[in-house]
Structure formats: structure tokens, C-alpha cells
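Could you build all of it, start to finish, from the sequences and the hints given here?
Heads up: the sequence shown begins at 1 in this note's numbering, then just goes up one per residue.
No lab work stands behind these hints, which were simulated from the structure alone.
C-beta: ideal position from N, C-alpha, C; glycine also.
Keep in mind that a hint or two might mislead.
Stated by the list, open to error - Cβ pair distances, simulated, as ranges: (1) Q43 - C22: 25 to 33 Å; (2) E47 - A25: 26 to 34 Å; (3) T82 - R102: 16 to 24 Å; (4) N63 - K38: 22 to 30 Å; (5) K62 - E29: 30 to 38 Å; (6) D32 - N63: 34 to 42 Å; (7) N63 - D31: 19 to 27 Å.
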Amino acid sequence: MEIGTSKKEMIERFGLIGEIFCLCAELNEDDDTMDDFKIEWYQFEEELEMDEMFIDIDEEDKNVQFDGIEFIDDMPCVMYVTNVGQSMSCSAIYVETETLRRIIAVLEKYSKVMKS
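In C-alpha cells, the structure reads:
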């Protein structure tokens with residue numbers, strides 16, 4: 001299997017995914033699992049008064065609309081809308097490192113608002 005990124009970058013992504021997991025776990029009311037936990041874009045939009053956010057998932061899906069975070073099998077997945085309007089979700093490990101950083105920044109702001 002070809003990973004398509006360096007070992008160093010992949011290790012950094014795992015760290016960022018851990019941050020996403022921790023931020024979302026603080027917001028999740030179910031202590032047993034993260035499965036089915038979801039924060040959809042409209043929630044960010046309402047609480048943070050944000051406009052659309054465009055992200056890069058990978059080489060094929062560039063500049064797509066961020067649509068939220070969901071957990072499948074206790075793993076964070078990034079939801080997005082493709083340039084042709086199709087709703088998609090992919091495991092966060094496949095998302096570009098810089099995009100993960102941007103998502104974390106939004107989650108941190110959202111978490112602060114929700115805790116206050």
C-alpha cells in the first residue's frame with residue numbers, strides 16, 4: 001500500500017487527529033463511545049458566526065466545502081461537499097495536514113463557546 005506522504009508528516013497527522021478526538025470528546029455527552037457523534041457545519045456557523053470554509057482533502061478534492069466532523073467506529077471523519085455538490089466523508093488520516101490544523105482551530109473556538 002502506498003501512503004502518499006512522508007513518515008514524519010503521517011506521525012504529525014496522527015497527533016492532530018488526537019487533538020480533534022480530545023476536543024470532540026469534551027463536547028460529547030456519551031461517556032461510552034464517540035460513535036455517531038457529529039458536529040455539522042451549521043452548528044459552527046451559528047455559534048461562531050462563520051461563513052463557508054473551504055478545505056483541501058487530498059490531491060483530487062481541493063477547495064471543497066467543509067461540512068463538519070463525524071465519528072465512525074470511534075474515529076474522526078471529515079465531512080465535506082465536493083465541487084459538484086456531493087456530500088462525502090473521509091477518515092481524517094487522509095486529510096491534508098494543514099487542513100487538519102485549520103479544523104482544529106475551528107474546533108477550539110467552538111469548544112470555548114460551548115463551554116461558556
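Hints not upheld, ascending by number:
1, 2 and 7
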